[in-house]
Every structure is written in C-alpha cells, then in structure tokens.
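Number of protein chains: 2
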Amino acid sequence: MKRHTSQRALGTPRSAIRELLKLTEKPEIISFAGGLPDPETFPHEELAEIAADELRGHYRNVLQYGLSEGSRTLRRAVIDWLRTQGLDLSLNQVLVTTASQQGLDLLAKAFLDPGDVIFCGLPTYLGAIQSFSLFQADKIGVPLQEDGMDLDVLEEQIAEARRVDKVLKAIYVIPDFQNPAGITMSLEKRKRLLEIARQEDLLIFEDNPYSQLRFAGEAVPTLKSMDENGRVIMLFTLSKVLSAGLRLAFLIAQEDLIEILLRMKQASDLCTSKLTQHLAARYIKDYGMEDHLRILRERYRAKRDAMIAALEKYMPTKEGITWTRPDGGLFLWVRLPEGIDTEEMFPRALEHKVAYVSGSAFYVDGGGKNTMRLSFSVNSEDEIEEGIKRLCQVVREELAAKRVGLTVA
Amino acid sequence: MKRHTSQRALGTPRSAIRELLKLTEKPEIISFAGGLPDPETFPHEELAEIAADELRGHYRNVLQYGLSEGSRTLRRAVIDWLRTQGLDLSLNQVLVTTASQQGLDLLAKAFLDPGDVIFCGLPTYLGAIQSFSLFQADKIGVPLQEDGMDLDVLEEQIAEARRVDKVLKAIYVIPDFQNPAGITMSLEKRKRLLEIARQEDLLIFEDNPYSQLRFAGEAVPTLKSMDENGRVIMLFTLSKVLSAGLRLAFLIAQEDLIEILLRMKQASDLCTSKLTQHLAARYIKDYGMEDHLRILRERYRAKRDAMIAALEKYMPTKEGITWTRPDGGLFLWVRLPEGIDTEEMFPRALEHKVAYVSGSAFYVDGGGKNTMRLSFSVNSEDEIEEGIKRLCQVVREELAAKRVGLTVA
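Just so you know, the sequences run in chain order A and B.
Quick note on this note's numbering: the first sequence kicks off at 237 and runs consecutively.
Quick note on this note's numbering: the second sequence kicks off at 237 and runs consecutively.
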C-alpha cells in the first residue's frame with residue numbers, strides 16, 4: 237500500500253513512547269515512563285453527579301453536535317479562571333480543542349507549510365515533534381539552559397536560517413516545568429523571547445500544561461499575558477489538572493489567529509464532545525479550581541520529594557550524573573555520564589522491573605542519548621522509592637558493564 | 237498575519253453551512269438545514285446511568301489517557317455488532333476516531349499529497365470536500381444517477397486524469413442514502429466500482445453514516461463486506477444512530493492501512509475520550525442496537541413521509557421541480573427549474589422563516605445552483621408540514637420574481 241501513502245505519512249514513524257508504554261504495562265513493573273496524571277486526583281464523585289444531571293436534564297444539548305469553537309459555557313468558565321492569572325480574554329479569543337495534541341495539529345495545519353522553520357527546545361515535547369514532523373516542517377532545536385532556551389543560540393540560528401532563505405514561522409516553547417526537562421523559563425528570558433519574536437516577525441506557540449501545578453517557588457507570568465502584539469498562541473489543557481480522559485484544551489490567541497484555527501478545527505473533527513465540555517464547565521463553575529489545585533500540588537510535591545530523596549539515597553555518586561529539581565509539573569530529567577545510552581540500557585531496566593523514557597525521543601537533532609525522563613506523578617511514594625532503587629541498580633550495572641567493555645544487548 | 241498562514245489554510249474557506257446555521261438558530265425559523273439527528277432518539281436515561289456508574293466505579297480508567305487505537309471494549313462491541321451485517325473483523329482492523337470528520341482528516345493525512353486525485357460524487361458531503369481541500373487534493377466530481385455514481389463517466393475521468401499524468405489515489409463514496417442527495421448505490425454498481433478500483437489500483441473511502449437508518453426497501457451489502465483485496469476503508473459513525481455529542485466513529489480497514497492511520501491519529505489528538513467510548517460500549521453491550529434502531533427507523537420514516545406528503549400538497553407543479561424519495565437516512569434532495577439559484581433565494585426563505593442548505597455547497601465543480609438539501613430529522617411532523625408550506629411559498633414567489641425579471645437581493 238506504499239503507493240497510496242502520502243509523503244507526510246511515510247515520514248512519520250510510530251511514537252517510540254507509545255511502543256514503549258506497551259512494554260511497561262505489566263503490573264510488576266514500576267514505570268516512570270508515562271506522563272499520566274495521578275488518577276486519584278480526578279474529581280470523579282463530582283463528575284459522576286454532574287454527568288447524570290447533564291444527561292438527564294440537558295441531553296438534547298450535550299448529546300448533540302456543538303459549535304466548532306466550543307461550548308460558550310466552557311469558554312466562559314476558563315476565561316473567568318484565567319482572569320485570575322492576568323489574562324483578560326474575550327469569547328472569540330478562545331477555541332476549544334480535543335486536548336492539546338489537537339491544538340498542536342491545528343497550529344501545524346494553520347501555519348506550517350513543508351520546509352517552514354519552527355524552533356523548539358533541545359529537548360522538547362515528543363507530541364509536538366510528531367505534529368510538526370507530520371506537516372513536514374523544518375524543526376530547528378535550541379539547547380535549554382537552567383533558565384530556559386539559550387536565546388543567544390536562537391538568534392544565531394535565526395540568522396543562519398535566514399541566510400539560507402528559509403521561511404521562518406514560529407518558536408515552540410513550554411515555559412513552565414518543561415516536558416521533558418522540568419525547566420522553567422525566567423522572566424528576563426520571556427521578555428527577550430517576546431522581543432526576538434517581534435523583531436523577527438515570528439509567532440510563539442506557548443504550550444502551558446503545567447503552570448497550574450507549581451508547588452514551590454514563585455509563578456512567572458505567561459508569555460501570553462505579556463504579549464503586546466498578538467503573536468503568542470497559548471495551548472492550555474485540562475488533561476493534567478482535571479482529567480486526561482475528557483480530552484479538553486484551549487487555544488488562546490488574537491481573534492484573527494483563532495479565526496484561521498477555527499477553520500482548521502472544522503475540517504479536523506467538526507467539534508469537541510459537548511458532554512465532556514459541559515462536565516468540565518460545570519465542575520469549574522460549581523466547585524472552582526483553587527481547592528482542587530491545592531490538593532494536586534500538595535500531592536505532586538510529596539511525590540517529587542520522594543523521588544529526589546530516593547535519587548540522593550541510591551544513585552551512585554559519579555561525575556556526570558545529575559538530575560533536575562523542578563518546582564512543579566510531573567517530570568524529573570536525569571543526565572548520565574557520556575557514553576551511557578539510555579535506550580541501550582532499557583532492556584536491563586525492564587529486567588529489573590523499572591521503566592523510564594529515553595531522552596533521545598525528545599531531541600530533534602539525535603542528541604540526548606545519555607538522558608532520561610522520569611515521571612513522579614502516578615506511583616505512590618513507596619513505589620517511587622522502590623522504583624528508584626531498582627533504577628539506580630540498573631545504572632550501577634550499566635556503568636560497570638561499560639567500564640569493562642561488555643556489550644549490552 | 238497572512239505571512240504566517242499556511243498555503244493549505246489560505247485555500248480553506250469557512251464552512252458555508254456553518255455560517256448559515258447561525259442564521260437559522262432563531263426559534264421562529266423552521267430549519268431543514270442542519271444534518272442533526274433527532275435528539276429525542278438519544279438514549280439519555282440509559283447513558284446517564286452508565287455515566288454515573290463508570291465515573292464512580294472506573295474513574296481511574298475512563299478519566300485517564302487511552303490507547304490511540306481506541307478502547308478494546310468499544311472496538312469489540314462494534315465488531316460484534318457488525319458481524320451481524322456480514323463483516324468479520326479483528327481488533328486491529330478497527331480504529332476509533334473522534335467522529336467521522338476526524339476519520340476524513342486521517343484519510344486525507346495518510347493518503348493525499350497536494351495535487352493527488354480523489355474522485356467524489358456530484359454532489360457529495362461537504363465535510364469531505366473540506367478535508368480533501370485542506371490537504372490540497374484535486375477533487376474530481378462524478379455525476380450521480382438514480383442508482384449511484386455514473387461509472388461510465390468515472391472511467392472516462394480516470395483515463396483523462398492518467399493522460400495528464402495525475403497521481404490517482406482514491407474514490408470517495410457514500411453508498412447508502414447519500415448526503416446530500418439521498419441516493420443509494422445499486423449492488424451492480426457496487427460490484428463494478430470495486431472492479432474499477434482493483435483495475436486502477438485505487439483505494440475506496442466508503443462513508444457509511446446512514447446504512448443503519450434504512451426504513452424501506454432492502455439492504456444492499458456494504459462495499460467493505462465485498463472487498464476482496466483490502467482496498468476499501470469504511471467510515472462508520474455513531475453520530476446518527478446513538479449520539480452526535482459523544483464524537484465517536486470507526487475507521488475499518490485492513491491492518492496495514494489501519495497501521496498508517498493509527499500513526500496519523502497519534503499526531504492528531506493522541507486518543508479519543510475514554511469516557512465517551514465506554515458510554516457507547518456499555519450501551520451497545522448492555523442494551524443492543526436493534527431495538528433502539530427499530531424506534532429510530534420508525535421515527536424517521538414517519539418524518540420522511542410527512543415531508544413528502546407536504547411537498548406533494550404544496551409544491552407548485554412545474555416542469556423541472558423534483559425531489560428524491562429516500563429509503564433511509566435524513567435527507568431529501570430537491571431540484572428546482574434551471575435559472576433558480578437557491579443561494580440567491582435564501583434571504584427570501586429567511587423572511588418566510590424557513591431554512592435549507594443550498595445544493596451548490598455540495599458540488600466541487602460549482603454546479604448544483606438550482607438544488608437544495610432538506611433534512612427531515614429534527615422537526616416534528618407538524619413543523620415539517622408548516623415548514624414545507626412556507627418553503628413552497630418561497631419557491632412560488634421566486635419563480636414569479638424570475639418570470640417578471642426582478643432581481644432578488
């Protein structure tokens with residue numbers, strides 16, 4: 237069937253993470269691989285009540301087709317919520333999407349022709365790489381520093397791309413608790429990034445799944461809240477803060493950009509489920525997000541602490557082994573000595589009944605082989621300690637194997 | 237922002253129907269425009285019970301991320317159902333999509349490069365035109381006859397496209413109660429279409445939203461059930477038979493094709509809501525579809541009868557005015573005399589508080605100006621009679637206006 241397959245599909249491999257998650261589904265494996273939210277944080281009792289009520293009392297509405305731009309009730313609920321975070325939005329600046337992956341798909345559809353350049357972090361979110369790749373964009377990776385993207389390098393890369401007559405379109409960033417690296421971009425860098433985008437006439441795609449999950453340190457304003465010339469498009473999802481199974485997120489931008497994205501939405505899935513939209517809208521309106529988020533943050537902080545404590549306890553102290561200490565989000569990022577390949581190490585991890593994601597999956601330039609992403613979100617604190625203990629044993633064995641020159645299958 | 241917009245987005249107009257539906261939302265207007273299912277057919281009591289139970293008892297599962305290929309429970313439920321219709325499918329031949337519009341998007345993504353040829357009916361479903369246009373395919377329209385696509389013309393067009401070195405990819409058909417024309421393809425034509433596809437090495441996209449809604453005449457086997465060399469991909473949606481708001485449909489094809497479509501699905505929205513999937517799966521398993529479909533068919537048949545009776549009663553008898561008498565589905569197709577433009581006539585219809593969709597929206601070649609689509613699905617029989625009465629008055633006035641040479645605004 238190769239004759240029929242499109243060029244874009246031929247260039248799209250299966251998701252490495254997805255393949256890998258299948259291997260880690262066995263109950264005896266402690267998996268730090270998935271980026272799943274803790275299911276015990278889903279407000280299921282409240283959602284069960286709302287669902288029964290909506291389906292009995294408003295079935296003509298919630299079981300029917302909805303507006304492509306999304307239900308007004310949900311858009312109003314999220315607008316009210318985001319007003320408390322310095323964003324003053326009108327109804328036509330918000331488009332509901334079937335979660336953030338669709339947001340990425342719509343952004344690529346609307347703005348990226350084959351060969352167009354999009355800048356993104358080294359490392360960056362795998363799902364974004366997939367969407368941009370599918371639309372045959374040229375992804376240029378910009379190394380991350382401790383306070384976010386290296387903007388000197390970004391400027392050099394912009395100049396270089398212009399020299400070879402590339403069409404430059406956008407910069408993709410996850411400013412808060414970046415997936416996978418857990419890094420947060422400083423205020424200074426955010427300001428400078430906005431200035432670079434203005435000067436170079438680039439859009440900024442600000443992916444914001446984790447900003448509400450800050451459990452330490454002080455919040456930094458979103459790029460969107462500082463966006464003076466309407467070039468930031470923010471992706472804001474409910475997957476991590478309410479439920480991943482509702483498949484709900486928002487594209488937030490100036491009306492003229494939303495108008496283009498809305499046409500893409502129509503052709504992509506017509507509209508998002510009104511039932512799931514109303515469940516979320518009612519929950520946000522009736523219960524508010526603040527109490528709920530406070531519990532989430534507490535829970536994730538304890539889990540992060542457990543993971544860091546276990547790493548400190550069990551990880552061999554050796555030059556070149558480091559990990560991040562994120563103030564929010566779901567992930568730690570571990571760097572091992574050069575020469576260790578976490579993809580090669582993976583079978584050994586499975587033998588020891590522990591799993592992670594190899595960092596190289598998040599690099600558009602083939603780098604990151606000695607890194608890995610660990611999620612602390614779904615396991616209990618006891619499981620985290622036990623899993624990290626196993627993982628550190630894996631690392632210890634791998635270091636030993638490499639030292640004696642053994643080949644690891 | 238035009239500099240940033242992709243070529244595909246610049247070439248994608250807003251949906252005419254969608255704009256028009258906004259005009260028809262006023263309660264005083266009797267609208268035959270939308271293709272909405274009758275909300276009184278949604279089994280809301282059962283779904284309310286299932287929803288509360290799933291959210292209380294299985295929240296860890298239904299509120300979490302799911303498999304990109306769709307929940308096994310739902311795929312199994314639809315496989316069991318379709319086995320009663322002559323389709324014997326394995327789990328890996330079924331991919332759950334966020335309703336059929338996403339199915340169309342995935343088909344275009346997977347198989348259509350810019351300039352590739354896809355053949356479709358004249359007229360054909362607007363949402364398909366949108367998806368194929370977005371991916372810059374070359375849509376070649378094939379006139380419909382009373383028993384389906386004119387296959388002699390199709391063969392000529394294939395030969396002609398080959399002469400100019402086009403890349404031919406697929407034929408898009410809605411064999412049962414076609415949207416918008418209400419036409420069903422005969423068994424003979426189905427067989428010949430499969431043979432043409434085999435000879436010419438083309439895929440067939442068989443869009444099947446209405447086959448379950450046959451209320452008269454005898455069922456004709458689906459193309460998929462007669463597909464001997466794995467080139468038919470069937471889109472099968474729950475929107476018209478269960479609920480449009482759940483946003484659930486299936487792509488059904490050979491494993492190698494599903495494998496490609498699955499990669500497209502991952503990049504498009506990662507997975508469909510597991511909550512809505514489980515609502516549908518439980519409903520199909522616990523209640524079965526047969527009783528439910530019997531009620532739907534009865535209901536839609538009565539409405540079709542009411543619409544045809546009203547047309548016979550009120551429509552001016554004039555050469556060139558005809559309408560279809562479909563054995564299923566949701567739509568009638570009305571043809572007015574040449575020289576009448578139903579788009580121009582539309583403001584007059586709104587004045588008379590009745591609405592329809594202009595047929596030209598369904599033509600990829602700019603034709604169909606004197607046609608319109610009428611949906612009999614949502615209005616009561618009384619509303620149908622009153623609405624058709626108004627519409628016939630509109631037609632009468634338009635005919636008179638045209639005769640005396642008045643310009644209609």
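Bear in mind the hints are in silico, worked out from the structure with no lab data behind them.
Incorrect hints may appear among the rest.
Just so you know, same-sequence chains aren't split out, so a pair can sit in one copy or run between any two.
Stated by the list, open to error - Pairs of lysine-lysine residues, derived as DSBU-like cross-links and limited to a Cα-Cα distance of at most 35 Å, are as follows:
| no. | residue 1 | residue 2 |
| --- | --- | --- |
| 1 | 402 | 258 |
| 2 | 521 | 258 |
| 3 | 375 | 427 |
| 4 | 521 | 638 |
| 5 | 625 | 238 |
| 6 | 589 | 549 |
| 7 | 402 | 262 |
| 8 | 425 | 258 |
| 9 | 554 | 262 |
Going down the list of hints, with the structure as the test:
| no. | hint | verdict |
| --- | --- | --- |
| 1 | 402 / 258 | neither (39 Å within a copy, 41 Å between copies) |
| 2 | 521 / 258 | between (37 Å within a copy, 27 Å between copies) |
| 3 | 375 / 427 | within (23 Å within a copy, 46 Å between copies) |
| 4 | 521 / 638 | neither (56 Å within a copy, 54 Å between copies) |
| 5 | 625 / 238 | neither (46 Å within a copy, 54 Å between copies) |
| 6 | 589 / 549 | within (19 Å within a copy, 75 Å between copies) |
| 7 | 402 / 262 | neither (46 Å within a copy, 49 Å between copies) |
| 8 | 425 / 258 | neither (38 Å within a copy, 44 Å between copies) |
| 9 | 554 / 262 | within (32 Å within a copy, 71 Å between copies) |
Hint violations for this structure: numbers 1, 4, 5, 7, 8, all remaining hints satisfied.
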